[in-house]
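S.K.: Each protein sequence line maps, in turn, to chains S and Z.
The first sequence maps to residues 45 to 344 in our numbering.
The second sequence maps to residues 13 to 649 in our numbering.
The set of hints was computed from the structure by calculation and includes no laboratory data.
Ideal Cβ positions, reconstructed from N, Cα and C, are used throughout, including at glycine.
Heads up, some of the hints might be wrong.
Covered by chain Z, according to a simulated footprint, are these stretches of chain S (three or more residues, beta-carbon under 8 Å) [what the hints assert, rightly or not]: (1) 58–67; (2) 111–121; (3) 148–162; (4) 205–213; (5) 273–285.
Only pairs whose alpha carbons sit at most 25 Å apart, straight line, appear in this in silico SDA-like list of lysine to any residue [claimed, not checked]: (6) Lys-187/S with Lys-29/Z; (7) Lys-91/S with Lys-462/Z; (8) Lys-29/Z with Ser-47/S; (9) Lys-187/S with Glu-59/Z; (10) Lys-29/Z with Ser-302/S; (11) Lys-187/S with Lys-462/Z; (12) Lys-381/Z with Thr-363/Z; (13) Lys-187/S with Asn-603/Z; (14) Lys-462/Z with Thr-303/Z; (15) Lys-34/Z with Glu-59/Z; (16) Lys-469/Z with His-87/S; (17) Lys-91/S with Leu-399/Z; (18) Lys-590/Z with Lys-462/Z; (19) Lys-187/S with Arg-159/Z; (20) Lys-187/S with Lys-381/Z; (21) Lys-29/Z with Leu-296/S; (22) Lys-187/S with Ile-325/Z; (23) Lys-469/Z with Glu-52/S; (24) Lys-91/S with Thr-113/Z; (25) Lys-91/S with Asn-435/Z; (26) Lys-462/Z with Ser-306/S; (27) Lys-29/Z with Tyr-125/S; (28) Lys-91/S with Lys-381/Z; (29) Lys-34/Z with Ser-302/S; (30) Lys-91/S with Asp-285/Z; (31) Lys-518/Z with Asn-603/Z; (32) Lys-29/Z with His-168/S; (33) Lys-91/S with Gly-309/Z; (34) Lys-34/Z with Arg-159/Z; (35) Lys-381/Z with Arg-116/Z; (36) Lys-187/S with Asn-435/Z; (37) Lys-187/S with Glu-72/Z; (38) Lys-91/S with Glu-72/Z; (39) Lys-29/Z with Val-259/S.
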Amino acid sequence: MSSLTHLERLEAESIHILREVVAEVENPVMLYSIGKDSTVMLHLARKAFAPGRLPFPLLHIDTTWNFRETISFRDRIVAQYGLDLIVHVNQDGLRDGVTPFSHGTPVYTDVMLTQSLRQALDKHGFGAAFGGGRRDEEKSRAKERILSFRAAGHRWDPRNQRPELWDLYNTRTGPGETIRAFPISNWTELDVWQYIHRENIELPGVYFADRRPVVERDGVLIMVDDDRYPLLPGEVAHTKTVRFRTLGCYPLTGGFESGARSVADIIRETLLATSSERQGRVIDRDQPASMEKKKQEGYF
Amino acid sequence: MAHKFDLVAGDIVEYLKSHERKSLLRFLTCGSVDDGKSTLIGRLLFESKLIFEDQLAALEADSKKVGTQGDRLDLALLVDGLASEREQGITIDVAYRFFATDRRKFIVADTPGHEQYTRNMATGASTADLAIILVDARKGILTQTRRHSFIATSLGIRNIVLAVNKMDLVGYDQRVFADIDIAYRELAETLGGIHHIVSIPISALEGDNVVTHSTAMDWYSGPTLMQHLEEVEIDAAHEALPLRMPVQWVNRPSADFRGFSGRIAGGTVSPGDRVKVLPSARESTVARIVTMDGDLGEAVAGQSVTLTLTDEIDIARGDMICAAGDPAQIGSQFEATILWMAEDRLYPGRTYLIKTGAQTAQATIGAAKYKIDVNTLAHEAGKDLDLNEIGRFTLSLDRTIAFDPYEDNRQTGGFILIDRMTNATVGAGMIHFALRRSANVHWQATDIDKSARGALKGHRPAVLWFTGLSGSGKSTIANIVERRLAAAGVHTMLLDGDNVRHGLNKDLGFTDADRVENIRRVAEVAGLMTEAGLVTLVSFISPFEAERQMARARVPEGEFVLVHVDTPLDVAESRDVKGLYRKARAGQIANFTGIDSPYEAPQNAELTVNTAELSAEDAADRVIAEIVRRSIVPPIG
Chain S
45 MSSLTHLERL EAESIHILRE VVAEVENPVM LYSIGKDSTV MLHLARKAFA PGRLPFPLLH
105 IDTTWNFRET ISFRDRIVAQ YGLDLIVHVN QDGLRDGVTP FSHGTPVYTD VMLTQSLRQA
165 LDKHGFGAAF GGGRRDEEKS RAKERILSFR AAGHRWDPRN QRPELWDLYN TRTGPGETIR
225 AFPISNWTEL DVWQYIHREN IELPGVYFAD RRPVVERDGV LIMVDDDRYP LLPGEVAHTK
285 TVRFRTLGCY PLTGGFESGA RSVADIIRET LLATSSERQG RVIDRDQPAS MEKKKQEGYF
Chain Z
13 MAHKFDLVAG DIVEYLKSHE RKSLLRFLTC GSVDDGKSTL IGRLLFESKL IFEDQLAALE
73 ADSKKVGTQG DRLDLALLVD GLASEREQGI TIDVAYRFFA TDRRKFIVAD TPGHEQYTRN
133 MATGASTADL AIILVDARKG ILTQTRRHSF IATSLGIRNI VLAVNKMDLV GYDQRVFADI
193 DIAYRELAET LGGIHHIVSI PISALEGDNV VTHSTAMDWY SGPTLMQHLE EVEIDAAHEA
253 LPLRMPVQWV NRPSADFRGF SGRIAGGTVS PGDRVKVLPS ARESTVARIV TMDGDLGEAV
313 AGQSVTLTLT DEIDIARGDM ICAAGDPAQI GSQFEATILW MAEDRLYPGR TYLIKTGAQT
373 AQATIGAAKY KIDVNTLAHE AGKDLDLNEI GRFTLSLDRT IAFDPYEDNR QTGGFILIDR
433 MTNATVGAGM IHFALRRSAN VHWQATDIDK SARGALKGHR PAVLWFTGLS GSGKSTIANI
493 VERRLAAAGV HTMLLDGDNV RHGLNKDLGF TDADRVENIR RVAEVAGLMT EAGLVTLVSF
553 ISPFEAERQM ARARVPEGEF VLVHVDTPLD VAESRDVKGL YRKARAGQIA NFTGIDSPYE
613 APQNAELTVN TAELSAEDAA DRVIAEIVRR SIVPPIG
């Protein structure tokens, strides 16, 4: 296989995983967070089933705190490729007024992301959900399998994973058991960017530098995307040329000043970067091994 | 890797172009807890500048808190993952790490060295192109070195790097290194299958010969570890193989498009190529290689593609598209090496699901040829396998599948075994060859089929399978049934267990393997007879559920009627028509059903007749009533 490049091999592996899960598991769904990893995964899925349509819907867990730009991007992509999109909001959380400011980040992410995802998966009875997780993101992910099984209640047991040999995936599930499938497990952040560049894949605008209103919080720049953001007394948002390395809820996503306006610029910046991707995610900094704990509780 | 940054800062587009041509090397590191494996991987990550400042800060904090290197950075902490493992300081699972240089991207499977984790190492090895075997320079070749090398080569890894680590602790002594190198090459000789061994003296802790040449070992003129990983030729042999593509998905978006999607497991394919589809053996020609970005002129091993063919032939998921001139083998019985991965033992006679390529079937484990002691590599007698044990077995499948010997193609010769109740992946295996040379005999498609033959006869074909203890009355009842069917104009055939052993099966004895084969042949002949349109009566003790299941699976549903001739052991023994029970009780016959070998009463018999209560004539009446009820034969007066 020496004549294939690393990107070609990664692409082929991901397509193989997507097809295998769709062929063997009833009622799959693809989690679509609109971020670059989801966008690459969606691109791979379109390749896997071309010239046919995607044989599964997309699911967006909407916290109601997304960057406005990403929502309009989502709707445009869905229309452009004729995709089926399910948008789920945790109505209980909305009714109880759970926001990052009212209840703090851990409660907010648990209610509006983790619980919301579980609600949506249960409501539609999805047998498998594709996610854009990568093993290089975080140490506990490095040991997760490509197919990860969740018992009823969505808990993950890192001690009880199925071995994965060759490209043979055991997709059988028991009652109440569901699958999280990670087709781009073996991609690194740089692979994702190089692939976006090679394939000319369109991304939401917030990845690219632009003049945006921001305030500084804990050493990172937070975009004031709408008038719900609580400014401190006397505080005003400053307009700076910033971009974001990850997309989440805008009040929890740290941006930084940058002049990168193209994918090539971003790659240059990434290669010269001095901090890792998750640094911008406030969610990961609560406690050591926090991602692993969240995952055991059912976070994707 | 400083030049990377110059290039990036310079012309990014040029940089990206060159990086899109990088290749990918997957490798495996094997060593025990103390060999410095995590430190080595940590160093590779560290030196390829893939550690960001925030991670470095976290590493410094962790090193002070739980590190084992005093004030220095403990690079092993970069790779130890899950929380509980970090506390124990032990890696307990397979973890995948990534780094890249200007020439290659690397995926490292980091697997533990504990004895009980053989399965994890096999998992990592199954996708690796190369293995790094770590040896502590102070300890030399250990039992585990042999075990690691054996597992790596068994899983088909042909490139080995012997990394002699901790050279700093033996004064960078050339003699120590040379002795270990020689000892290892002797060991490798006994394993076979290794094409290429490179030995490198290193210190993962100090960095000697990992990325940069060691100044303390100027006697070593070979490549550093990183140089070797960047330059080693990865077997391009995959593309030289004949075309293999397991069909994963039939892509049928509209009535006028029918494509077959899969990942090419060997060889290359172009439009115009003749292909043969297994196991049906229908031939066609490749019309197009379809992708979202337009058709391709050629696709090669490793790529995921969608093919269309010029002819409308029936192809389903699980079939294999092969080069017409050099197709894969087909078969339903194999000899294979199995690595057991579950707490519950593997027993011969049990049935599991087998998955290979996109094919899933039921596989019954036959007799063990031998077990392999992974520490001494000695072959041992044994029937079953415990967790982490390896053995060589025969397997019988309920259907014919396409495959290649694992030695020829890892993708089409490797399989996993799945427990049908728990759904756990309980074993992994490698097919060596099909039994009885069925492998190279391909199915010949014919025009007159079974329904055409049956239509001439005025009844449907079926297998009436009589099971029960010796002396239960199976043969007597079967004989009466056949006589009455024949009188009514039904075309029949009777296969009797004893009679078959005088001819077709006279080469078989009474070992477990021979018993399985005996019954397989009878089931096969019965199947052929039904294809000829006959009602075939089989009178056979057939004590094991797995064997009866194999026979049932040979014919379509509804054509197999299992008749359990149910007689209490004491009744059968008191009849003892052939004097066999007396001999068995006297110890003159071993493995006699009912005496020292079990009879598994069927749970799914279509009919049970108890000959302690019924006469043979009455029992025959019931059998005939049953097949009339099933519309196999018309009512018989």
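S.K.: Are any of the numbered hints broken by this structure? If so, which, sorted upward?
M.R.: As far as the earlier hints go, 2, 3, 5, 6, 7, 11, 13, 14, 16, 17, 18, 20, 21, 22, 23, 24, 25, 26, 27, 28, 29, 32, 34, 35, 38, 39 are violated by this structure, in ascending order.
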